[in-house]
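Chain A is fixed; fit chain B onto it per the hints.
Protein chains in written order, with the working numbering: chain A, 56 to 358; chain B, 56 to 358.
Be aware that one or more of the hints could be misleading.
The list makes no distinction among identical chains, and a pair is therefore deemed to hold if it is satisfied within one copy or across any two copies.
[What the hints assert, rightly or not] When the alpha-carbon atoms are kept at most 30 Å apart in a straight line, the in silico DSS-like pairs for lysine-lysine are as follows:
| hint | residue 1 | residue 2 |
| --- | --- | --- |
| 1 | Lys342 | Lys298 |
| 2 | Lys342 | Lys283 |
| 3 | Lys118 | Lys283 |
| 4 | Lys298 | Lys283 |
| 5 | Lys342 | Lys118 |
| 6 | Lys340 | Lys125 |
| 7 | Lys340 | Lys298 |
FYI, nobody ran anything at the bench for these hints, they're computed from the structure.
Listed below are the residues making up each chain.
Number of protein chains: 2
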Amino acid sequence: MQRRILDGDLRALAQAATLVENQTVAGRDLIAALFPQTGRAMIMGITGPPGAGKSTLVDQLAKTLRREGKSVGIIAVDPSSPYSRGAILGDRIRMQDHHSDPGVFIRSMASRGHLGGVAWSTLDLALLLDAAGRDVVMIETVGVGQDEVDIARLGDVTVLVLVPGMGDDVQAIKAGIMEIADVFTINKADLPGADRLEQEIRAVQSFADAVERKEAAPVRRVIATDGKGIDELLTVIRSVFEKRGNQSARLERWAFRLRELLRESLLASISEDDIQRHADLVAAKVKDPYTAVEELRDQLLAT
Amino acid sequence: MQRRILDGDLRALAQAATLVENQTVAGRDLIAALFPQTGRAMIMGITGPPGAGKSTLVDQLAKTLRREGKSVGIIAVDPSSPYSRGAILGDRIRMQDHHSDPGVFIRSMASRGHLGGVAWSTLDLALLLDAAGRDVVMIETVGVGQDEVDIARLGDVTVLVLVPGMGDDVQAIKAGIMEIADVFTINKADLPGADRLEQEIRAVQSFADAVERKEAAPVRRVIATDGKGIDELLTVIRSVFEKRGNQSARLERWAFRLRELLRESLLASISEDDIQRHADLVAAKVKDPYTAVEELRDQLLAT
Numbered sequence: 056m057q058r059r060i061l062d063g064d065l066r067a068l069a070q071a072a073t074l075v076e077n078q079t080v081a082g083r084d085l086i087a088a089l090f091p092q093t094g095r096a097m098i099m100g101i102t103g104p105p106g107a108g109k110s111t112l113v114d115q116l117a118k119t120l121r122r123e124g125k126s127v128g129i130i131a132v133d134p135s136s137p138y139s140r141g142a143i144l145g146d147r148i149r150m151q152d153h154h155s156d157p158g159v160f161i162r163s164m165a166s167r168g169h170l171g172g173v174a175w176s177t178l179d180l181a182l183l184l185d186a187a188g189r190d191v192v193m194i195e196t197v198g199v200g201q202d203e204v205d206i207a208r209l210g211d212v213t214v215l216v217l218v219p220g221m222g223d224d225v226q227a228i229k230a231g232i233m234e235i236a237d238v239f240t241i242n243k244a245d246l247p248g249a250d251r252l253e254q255e256i257r258a259v260q261s262f263a264d265a266v267e268r269k270e271a272a273p274v275r276r277v278i279a280t281d282g283k284g285i286d287e288l289l290t291v292i293r294s295v296f297e298k299r300g301n302q303s304a305r306l307e308r309w310a311f312r313l314r315e316l317l318r319e320s321l322l323a324s325i326s327e328d329d330i331q332r333h334a335d336l337v338a339a340k341v342k343d344p345y346t347a348v349e350e351l352r353d354q355l356l357a358t
Numbered sequence: 056m057q058r059r060i061l062d063g064d065l066r067a068l069a070q071a072a073t074l075v076e077n078q079t080v081a082g083r084d085l086i087a088a089l090f091p092q093t094g095r096a097m098i099m100g101i102t103g104p105p106g107a108g109k110s111t112l113v114d115q116l117a118k119t120l121r122r123e124g125k126s127v128g129i130i131a132v133d134p135s136s137p138y139s140r141g142a143i144l145g146d147r148i149r150m151q152d153h154h155s156d157p158g159v160f161i162r163s164m165a166s167r168g169h170l171g172g173v174a175w176s177t178l179d180l181a182l183l184l185d186a187a188g189r190d191v192v193m194i195e196t197v198g199v200g201q202d203e204v205d206i207a208r209l210g211d212v213t214v215l216v217l218v219p220g221m222g223d224d225v226q227a228i229k230a231g232i233m234e235i236a237d238v239f240t241i242n243k244a245d246l247p248g249a250d251r252l253e254q255e256i257r258a259v260q261s262f263a264d265a266v267e268r269k270e271a272a273p274v275r276r277v278i279a280t281d282g283k284g285i286d287e288l289l290t291v292i293r294s295v296f297e298k299r300g301n302q303s304a305r306l307e308r309w310a311f312r313l314r315e316l317l318r319e320s321l322l323a324s325i326s327e328d329d330i331q332r333h334a335d336l337v338a339a340k341v342k343d344p345y346t347a348v349e350e351l352r353d354q355l356l357a358t
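Chain A on its own, in the form it takes in the complex (with noise of 0.2 Å):
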């Protein structure tokens, strides 16, 4: 299998995918294998509120980048709510226009939730499509959590996607994603608004440049729709791309990474069972809720 991947084989692909997304072993060795055949690919992590028009800016910058003759990958991560899931599965049909193309590969995944491996799921899919040479990666996904950003930053570039209009919200978006953006992109820039939303942006940055000294990430203006400033966008990306491919870059990256790989696989290992029984007896207060934490932790690490 992993020789017919990185010839490129779509079956061994789709097959690999489907191994790396479900957690399986087979899937870890798999991309444990293939890992030193990885770092060829520009893996793009976009993100930004609902409404912001993700969906439709990544299916344009899939469109540019095959004009250019570069194969595409498409990693689209939803909500884990199952109140939301038509919702923003309606979003993906459009991607169906690539559907014909073998030079799109795409995979939708829903995000399983807090204690979830969305993080590996996620990172694996990235890797297979890098070593099965895939020339761009892009993972998009949907909502402004903390959650859903961590997983766009796995990500080479994150690019932030933004709307006009959005009022107070930008508040929320302040809070806690602004300054991860490598890239802000303002989507549906005819709409009224987009020259206060960019005047937003720059002073958040040069509040936050006086506070961390490093350079101001670009802002984009598109119209994802009609597919305008999408070329400007993808030659920005790749600049910037390019200056975070030097040696503390990756490793900054890697550092992320491997942080929110850990935290993952800690999550994942705590017992339903142990946490039930020690909420008995908090509930009961016969024990105070340090010494249950500390007994869990214990456990947890003895296993």
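Same frame as chain A, but now just chain B:
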């Protein structure tokens, strides 16, 4: 100190709150000692998107409770981004209304980022206020991210505050937090769109009911700035609290709390140096990420 706190001494309470907030050993020992005296307060978690008017609502609930002669504790948890601090601290200033009233104890707390200890600090503060005889404790969090929501869920009753006219953002809220609300509050209910928002909430609920067969959470409308609907909201919150006073609900709550605390405790143990050292080897492709995470895990578990 323990005696003075149980007697409701305000200076002792303020000192203890600082010990607890900074996660000192003394604070931890104090909470463990006070733990058997807890369980009398009603602990409310209040969450919702920025701009929903949560601070105003908390303020009005505090006023209503004070008129009834009840004592109140407020824990306001801010997001961790350095960029938002100014804007959100502005909100807190309104709460200074209560500064001359010893019946209202307020602590504003920064959530300390991803790997931080905000769940521990918040729950400990709530338990401290409970032990100190506060009748009602309100935990207010800013933002819709999963981390914020989890903090609000540390309470006995979770109140989700929404406002009309959020448009697409209802999608964002549906994606992961609709199901955690014990009580829905539509604030600014005089704005156009309140009916539509209520219909949307009911629609999501009827879908959720079909899936999980659980009782629909009540929906109440308020205009927090005018104090309208606050009495009725409080009545509803109390009736939900009564229902959740049984053994199985308490067990479920403690299971959730222990899970959150254990999660935090594990993440706090990860050594940044170890991460860097392994990231170095992975970036150089000397080691694959699986091996690296496994080794990091073993190291952590060995300490």
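Quick rundown of the hints versus the structure:
Taking the shortest Cα distances, Lys342 and Lys298 sit within 30 Å of each other only across copies (24 Å), while inside one copy they are farther apart (54 Å). Taking identical chains as interchangeable, the C-alpha atoms of Lys342 and Lys283 are never at most 30 Å apart, the minima being 62 Å within one chain and 42 Å between chains. In the homo-oligomer, the alpha carbons of Lys118 and Lys283 lie at most 30 Å apart inside one protomer (12 Å), although the nearest pairing across protomers, at 53 Å, exceeds that limit. Within a single copy, Lys298 and Lys283 get their C-alpha atoms as close as 25 Å, which meets the 30 Å cut-off; across copies the closest is 55 Å, which misses it.
For the identical chains of this complex, Lys342 and Lys118 are neighbours neither inside a copy (60 Å) nor across copies (35 Å), given an alpha-carbon limit of 30 Å. Within a single copy, Lys340 and Lys125 get their C-alpha atoms only as close as 62 Å, which misses the 30 Å cut-off; across copies the closest is 25 Å, which meets it. Within a single copy, Lys340 and Lys298 get their C-alpha atoms only as close as 56 Å, which misses the 30 Å cut-off; across copies the closest is 20 Å, which meets it.
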